[in-house]
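A.B. asks: Sequence:
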Amino acid sequence: MSDDRPVPPLPTLPLGIYRHYKGQRYAVYGVVRHSETLQALVLYRPLYGEGALWVRPFEMFTGTIDIEGAARPRFEWVEPSADQAAGSSFTE
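In terms of our numbering, the numbers along the sequence shown are unbroken and rise by one, the last being 92.
Note that these hints are calculated values from the structure, not bench results.
Fair warning: there could be bad hints in the mix.
[Unchecked claim] If you anchor each label on the Cβ, the simulated ranges turn out as follows:
id, residue 1, residue 2, range
1, Glu68, Val7, 38 to 46 Å
2, Asp83, Lys22, 23 to 31 Å
3, Arg5, Glu68, 36 to 44 Å
Remember, it's a predicted structure, so these values are computed and weren't measured experimentally.
Idealized CB from N, CA, C, for every residue including glycine.
Put together the whole structure using the sequences plus the hints.
C.D. replies: Okay, here's the thing in structure tokens:
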């Protein structure tokens, strides 16, 4: 970042395994910041397929969606990841 804008604090999100409303599971590694916009992004990877890392805007990740007239979380926390249970974290 090349200007003197204050850097806002990042929101918090429990790390671990989340279930998407469509049923797939994802490991969340943390909340990170976009280098140009300072937007908060959730860093995660699917626990299926190739397992590449992805980011999604924090507001979208933690938001709700309408399913048959009911507001449901887009992602729902399920459990700590195996790494967390062993005492390690992405930020160490």
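A.B. asks: Looking back at the hints listed earlier, which ones does the structure fail to meet?
C.D. replies: none
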